[in-house]
Amino acid sequence: MNDFLAGTSLLFGDPAGVVLFVAGLIGGLVFGAIPGLSLLTLAAIILPFSKWMSATHAIMFYGVIYCSGVYGGAVTAILFNIPGSVENAPTAFDGFPMTRKGWAGKAIGFAVTCSAIGGTLSAIFMMLATAPIAHWAVRAFGPIEMFALIFFALTVVAGVGTSSLWKGWLSLLLGILIGTIGTDPIGGVGRFTFGNLYLLAGISFVPVILGFFAVTEVFVQGERIITGVFRASKVAIDYPSFAEFWRLRIAIARSTVIGFFCGLLPGIGATLAAFLSYNEAVRWSRHPERFGTGEPEGVVASETANNAATGAAMIPLLALGLPGGALTAIMIGVFNLHDMDPGPLILVRAHDLVWVLFASMFWASVAILLLGILETKTTVHLLRIPFPVLAPGILVFSTIGAYALRNSILDVWTMFVAGIAGYILRRRAYSLPAIVMGVILGEIGESAFSKAMIMMDYSFWGFFTRPVPAVLVILGLATMILNVVRRPRFQPATE
Amino acid sequence: MKRPRGTVLEPLVWLAFAGTAFALTYQFDERLPTYRFGATGWPRAIIVGIALAGLALLLASFVRMRAGPERAPDPPARSYGSPAVAEPVARSLGEVDWKTNVRRLVTFALPLAYVLTMDRVGFLLVTPLFLAGYMYLLGLRRWVVVAVVALGIYGLVLVLFVKLLFTPLPLGAGVFHTLNARYVDLIR
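Chains as they are written, first to last, in our numbering: chain A, 32 to 526; chain B, -8 to 179.
Since the hints were derived computationally from the structure, they do not count as laboratory data. It should be emphasised that the depicted structure is a prediction, and the values quoted were computed from it without experimental measurement. Yeah, the Cβ is synthetic: ideal placement off N, Cα and C, and Gly gets one too. One should not assume that every hint holds.
What the simulated footprint calls covered on chain A by chain B, stretch by stretch (three residues with Cβ under 8 angstroms from a Cβ of chain B suffice, anywhere in the stretch; the number is not a length) [what the hints assert, rightly or not]:
1) 139 to 149
2) 208 to 217
3) 431 to 444
4) 478 to 484
Beta-carbon label-pair distances, calculated as ranges [said to hold, decoys possible]:
5) B:170 - A:232: 27 to 35 angstroms
6) A:416 - B:92: 48 to 56 angstroms
7) A:367 - B:13: 36 to 44 angstroms
8) B:127 - A:83: 37 to 45 angstroms
9) A:438 - B:127: 51 to 59 angstroms
10) B:22 - A:368: 46 to 54 angstroms
11) A:412 - B:127: 39 to 47 angstroms
12) A:284 - B:173: 56 to 64 angstroms
13) B:170 - A:284: 34 to 42 angstroms
14) B:173 - A:159: 50 to 58 angstroms
Can you make the complete structure from the sequences, with help from the hints?
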């Protein structure tokens, strides 16, 4: 408690710190809420400037934009069906149908409140449990466990977001195959590169996300306008009542726990949290058929979990030096710019920095609730902007977002090619989030699989000789079988 | 009801894709001294998975076709982005006139032309034209509104990304590179 109070006083006792805290909060919310931009765009653009900040300020700033940006990405997912980042993709499953029904205010209200609850609880857990959990994670999670977990995650993702199981699997496997483009993780051999140096570095997932989510949505809506079937969403700013939240208390609690524990896992934290939490919400619901049609519990499950993962993601970052996702990977770059290496000693060597970060993430989550309620009343009015005005803006912002990460025009090409491919696949009812998850999880999965195989002397039975991977593999197989046996989870489409 | 030919064609496309991808793996079929499965082990396993899922899809299509009209039609597959609440789908090619189909094609072609031109002429010079052109394409016909909105978005991009955040943007090639670099200096 003393450390937290000291961190808070260091944060708010310094005018420059307060300015950066507010800037990070607003920056994350704004960049998250502009279709085509995301917190990653902001993080990448700000990276060179962080050199001129103190190490404490720079890390604190990134912690704040992480919290506010993850929430901000939900706004575009709900209003425009364009998730700000892949961890917001399950939010769109029910958030966008809610907007179509004229419940945009309620959907954003659920998202902001649950983001704040998930983020705040996660920050508290983070402060209490960083050291013991880090020690447990170091011992319990090696490549074998990591691959088993990814296998389980893949089986979950294949069954979420599409009513045709085989199309879900095809989407996921296509994503994993895209993830193999570039050098292989063991021997450095180029695969599917066709002699192109750009492809040797692999396909960056940011242009893929922008292409599949933002560009595809513009193409789909643009086509509806041209063929005369476009229908604008209704603007509504009703905020959910306390009774509506109370009805979802168990879903919120369950999603917080799922989010926090998933957030601990390097590489896949918040994204896995959102998908797994959504899947569990469907599994535990008395009315699973309502999911995908504008069920508030879908928004609650996804947004609580992905924000609950933000605090937990700091634990492997700080304690082990392992990034939990794209933003925490950029944070490692910030540490390096200040000649610091995150790892077990950071808690001792940079005690103040760590507690300022913890305090800032806690207060950012609290502030999201206050700012988010105000934002709910304003961002919903984005729906009033005619789509022909919004569409080219989305494409231009997406272009900037894709280009700014690596200063490569080929990333912009990748984005537009992914946009056209996404349009075709979406018309044939394939799952775009599953493809993106395949790209992300496939790369980590292959690396973990190859290390696990070497460790187990190429015996697949090795997965069943340890308790954690055995449980995860069995859960994954059970999920696959259940998905085949059970009828589709979603209501038939009316289109 | 679904068109049987289209339903069968789709899994066949997947099988052809899997076959092509598998053939391509021979381009990097190298043995690795430290890893028994080599560079191709993982991609080939994934490709086999795609082929199996494609076969399952094909089988499901045949089962649906054999059931014929007596069986209640399966619910249309739905994925993220096509919500179950009534959302109109764009009409298919045959249902609209040729002018609409050309406009539809330009919806995809214009952004590609934008990237191609941006690479040569530079982001700053091409973007206002693209903004105005795409708005016009999507049905905004009042030129004053188109111009004001395009310049508004363009101004926001200049202030936020060029002046405040110093974001690198494509500057084009040759004389356009020089021109754009001077333009950026002027704004900053």
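Results of checking the hints against the structure:
Here's how the region 139 to 149 of chain A fares: 0 of its residues keep a CB closer than 8 angstroms to some CB of chain B, so the rule of at least three is not met and the hint is violated. Three residues within the 8 angstroms Cβ limit are the bar, and the region 208 to 217 of chain A against chain B gives 4, so the coverage statement holds. Proximity of the region 431 to 444 of chain A to chain B, defined as three or more residues with a beta carbon under 8 angstroms from a beta carbon of that chain, is established by the 7 residues found. Given as covered by chain B, the region 478 to 484 of chain A passes the check, having 3 residues with a CB less than 8 angstroms from a CB of that chain where 3 are the minimum.
Range check, residue 170 of chain B to residue 232 of chain A: Cβ separation about 30 angstroms, and the 27 to 35 angstroms hint holds. As the Cβ distance of residue 416 of chain A to residue 92 of chain B is approximately 27 angstroms, the hint placing it in 48 to 56 angstroms is violated. Between residue 367 of chain A and residue 13 of chain B, the C-beta spacing of about 41 angstroms keeps the proposed range 36 to 44 angstroms intact. Restraint check, residue 127 of chain B to residue 83 of chain A: a C-beta distance of roughly 43 angstroms satisfies the suggested window 37 to 45 angstroms.
At roughly 31 angstroms, the beta carbons of residue 438 of chain A and residue 127 of chain B sit outside the given window of 51 to 59 angstroms. Distance hint check: the CB atoms of residue 22 of chain B and residue 368 of chain A are about 40 angstroms apart, inconsistent with the given range 46 to 54 angstroms. A C-beta distance of roughly 25 angstroms is found between residue 412 of chain A and residue 127 of chain B, which places it outside the suggested range of 39 to 47 angstroms. A C-beta distance of roughly 59 angstroms is found between residue 284 of chain A and residue 173 of chain B, which places it inside the suggested range of 56 to 64 angstroms.
Checked against the hint of 34 to 42 angstroms, the C-beta distance between residue 170 of chain B and residue 284 of chain A comes to roughly 59 angstroms, which is inconsistent with it. A hinted range of 50 to 58 angstroms for the beta carbons of residue 173 of chain B and residue 159 of chain A is consistent with their spacing of about 56 angstroms.
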